[in-house]
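J.: Each chain, written out:
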Amino acid sequence: MKRLFLFLPLLIAIVLGIVLFAGIGKDPTKLESALIGKPVPAFSLKDLNNPEAELDESLLRGEVQLLNVWGTWCPACRDEHDDLMWLAQDKGISIVGLNYKDNRADALVWLERLGNPYSTTIYDPKGTLGFDLGVYGAPETFVIDASGVVRYRHVGVVNEKVWQETLLPAINDARGNG
Amino acid sequence: MRRLLFISLLAILSSVTTAEVADVYDFDTVAQEQRFQSLIETLRCPKCQNQNIADSNAPISKDMRAEVYRMMGEGAGDQEIRDALVARFGEFILYKPEVEKRTILLWATPAIAVFGGLLLVAIVVIRSRRGAAHVTALTPEEKARVEKILAENDRDTRA
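So the sequences go chain by chain: A and B. Numbered according to my numbering, the first sequence spans residues 1 to 178. Numbered according to my numbering, the second sequence spans residues 1001 to 1159.
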């Protein structure tokens, strides 16, 4: 019995090791969204392409969609643009754009030059919807299910690897249960 | 002495940068301004990891300060403001996490550590006392045997 006590420090060290090691693989810059499992916040903003049209949260209901936050001021958004085009055209994914803290003229030139992967683009020059979504840096991409509930948030660029490993499984999951 | 000078210089410099970020807003009373300042000092910038939104120049910190200011203007309480920001950005932004089921271990760790230590000390003390008691207290039979052995030993050495 006394002998066993000698192994107590070893046991404590192993348990601590496991607990601390579990934290090492985590990327501290990727926070889980506080909105997972909650509906997209209510908003009323203009359509980027059509300044007359008002958009609200009903835009994000009806089917599983991606909501992609971007701006022409954001270099990483340029990096992921071709992959978004590929997703929209080859994979038939519906992507709603959120043009975040940008100006309309720049954004329209960008879409004309690089192609437009978005079914609709919400124009959010002040970043109010972005703020309510907890966006802290573009690009960010949300998976929204058919009832308008946030299912997943990806911070950073979307590329083929991200698509295969995280977004597609999240979309399939949202389609299965949504 | 030189080190002291360096530290005080550092303190002065850091307070200057803090003031630079925060003095954009107008307040009716000094108390309100102090409340604003202490609120933004307890909120962490989600973009920059370990900086509060009072010190950070990140655009998101600016937006968060504006929201704190706006909600204060509407008469919201500190807790209400914190909750509104946590609902958007998550628990991460609180430097001092709320006490709830999930964080109870976090809050209890110091107490657990202290009690664990005290328990260990108590066990060690009791054990050593018990050990000492064993050594001094001999039963009458044992005492007799010891005396006998000592007496024999004595005789042997004399012989």
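These aren't lab readings, by the way, just hints derived from the structure by calculation. Incorrect hints may appear among the rest.
Covered by chain B, according to a simulated footprint, are these stretches of chain A (three or more residues, beta-carbon under 8 Å) [what the hints assert, rightly or not]: (1) 33 to 47; (2) 96 to 106.
With a Cα cut of at most 30 Å, we get these calculated DSS-like pairs of lysine-lysine [as the list claims (entries may be wrong)]: (3) B:K1096 with B:K1047; (4) A:K101 with B:K1062; (5) B:K1096 with A:K46; (6) A:K38 with B:K1047; (7) A:K2 with A:K101; (8) B:K1101 with A:K101; (9) A:K38 with B:K1101; (10) A:K38 with B:K1062; (11) A:K161 with B:K1047; (12) B:K1148 with A:K126; (13) A:K46 with B:K1062; (14) B:K1101 with A:K126.
Keep in mind it's a predicted model, so treat the numbers as computed, not measured. Glycine included, each C-beta is placed from N, C-alpha and C at the ideal position.
J.: Tell me if the straight-line CA distance from K1101 (chain B) to K126 (chain A) falls inside 30 Å.
T.: violated (37 Å)
J.: Take the C-alpha atoms of K1096 (chain B) and K46 (chain A), compute the straight-line distance between them, and say whether it is at most 30 Å.
T.: violated (38 Å)
J.: Is the straight-line distance between the alpha-carbon of K38 (chain A) and that of K1062 (chain B) 30 Å or less?
T.: holds (25 Å)
J.: Please verify whether K38 (chain A) and K1101 (chain B) have alpha carbons no more than 30 Å apart.
T.: With Cα atoms ~21 Å apart, K38 (chain A) and K1101 (chain B) stay inside 30 Å; holds.
J.: Would the hint linking K101 (chain A) and K1062 (chain B) be met if the CA-CA limit is 30 Å?
T.: Holds, because 13 Å separates the two Cα atoms, which is no more than 30 Å.
J.: How does the coverage statement for the stretch 33 to 47 of chain A fare against chain B, requiring three or more residues with Cβ below 8 Å from a Cβ of that chain?
T.: holds (count 3)
J.: Are K1148 (chain B) and K126 (chain A) close enough, with their CA atoms no more than 30 Å apart?
T.: Not OK: K1148 (chain B) and K126 (chain A) at ~100 Å, beyond 30 Å, violated.
J.: Check whether the Cα positions of K1101 (chain B) and K101 (chain A) lie no farther apart than 30 Å.
T.: Violated, because 38 Å separates the two Cα atoms, which is more than 30 Å.
J.: Do at least three Cβ atoms from the stretch 96 to 106 of chain A come closer than 8 Å to Cβ atoms of chain B?
T.: violated (count 1)
J.: Taken at face value, is the distance from the CA of K1047 (chain B) to the CA of K161 (chain A) at most 30 Å?
T.: holds (24 Å)
J.: Need the status of pair K1096 (chain B), K1047 (chain B): alpha-carbon distance at most 30 Å?
T.: holds (18 Å)
J.: Compare the distance between the alpha carbons of K46 (chain A) and K1062 (chain B) with 30 Å, and conclude whether the hinted pair is satisfied.
T.: This hinted pair holds, its Cα atoms lying about 24 Å apart.
Violated hints for the displayed structure, listed by number in ascending order: 2, 5, 7, 8, 12, 14.
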